[in-house]
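Visitor: Single-letter residue listing:
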Amino acid sequence: MSAFNELAVKETGARLKDNARRDRPWQVVVWNDPVTLMSYVVFVFRRLFGFDLATATRLMLQVHNEGKAVVATEPRERAEVAVAQLHAHGLQATLARE
Amino acid sequence: MTVAQINREGELVYLRIGRGERRALLQILDRLEPLVDHSHWARPRAYQEEEDEQEFQRLVGTDLADSRAADLAQVRVALESDERILLTSDAAMAWMRALNLLRLALAERLGITADGWEEQYSLQEHRRPPLATLHLLSWVQEGLVEALSVS
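Here the protein sequences line up with chains A and B, keeping their order. Position 33, counted from 1, in the first sequence is what our numbering calls 33; the numbers after and before it change by one each time, with no gaps. Position 3, counted from 1, in the second sequence is what our numbering calls 3; the numbers after and before it change by one each time, with no gaps.
Hints were generated in silico from the structure; no laboratory data involved. Treat each hint with caution, since some may be false.
[Claimed, not checked] Pairs of lysine to any residue, SDA-like flavour, derived with a Cα cap of 20 Å:
hint : chain 1 : residue 1 : chain 2 : residue 2
1    : A       : K68       : B       : W117
2    : A       : K68       : B       : H38
3    : A       : K68       : A       : M38
[What the hints assert, rightly or not] Heads up, incomplete: computed chain A residues facing chain B, CB under 7 Å, no partners named:
hint : residue
4    : P25
5    : W31
6    : V35
7    : M38
8    : S39
9    : F49
10   : G50
11   : A82
12   : V83
13   : Q85
14   : H87
15   : H89
16   : G90
17   : T94
18   : L95
Ideal Cβ positions, reconstructed from N, Cα and C, are used throughout, including at glycine.
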């Protein structure tokens, strides 16, 4: 293999690795705050993610009792949209690699 | 002072509040709105990594500030009007988001940083401003959640 081909293979490998890293699912994490009403959090979870009442309530309680909860796992762009929507509703949310 | 009633009227939510309550809520809005932009809750981070965060803020930061301002403006317009306050589901959501922002900004000003803060204050303190203001905003927000949750 020529030096040029070897370099091309290495670059392709690095690019594929980078793409794979980017394509890995991301977690949408919601964090507790001491002020936001529990009923409002449940309502927002149901509205944004389509959860039933029991699931939304369980996740809200997890946020409240444990400080945080993963509410969705999505490809990066969709996870970013979810976090932006949560921010727009006044909830603290971050993205984390799965 | 109490907000009289929040009810569902078909697809709409009706805030039945008097002139005095409207004036009081407007005064609260006047006092708290300037705090919102300076509140750390108003600048949430999405990423730990600075490079990712800057890119995220570049994409959504302005939208977030604009939607926040639009939500607060929607509440103000309704309170300043002499009309009955009848909210569509989307408008009620805007109210809830705005009320949440105001509550967060006020709580930050009060130094509330951890759960259990309610027990740190006496009953008298809960009944007087600024805590009474926080409770009033909670009451309206809770009423909207309940009204919208009726299927």
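Visitor: Of the hints stated earlier, which fail here?
Guide: Going through the list in order, the structure violates hints 2, 4, 5, 7, 9, 10, 11, 13 and respects the others.
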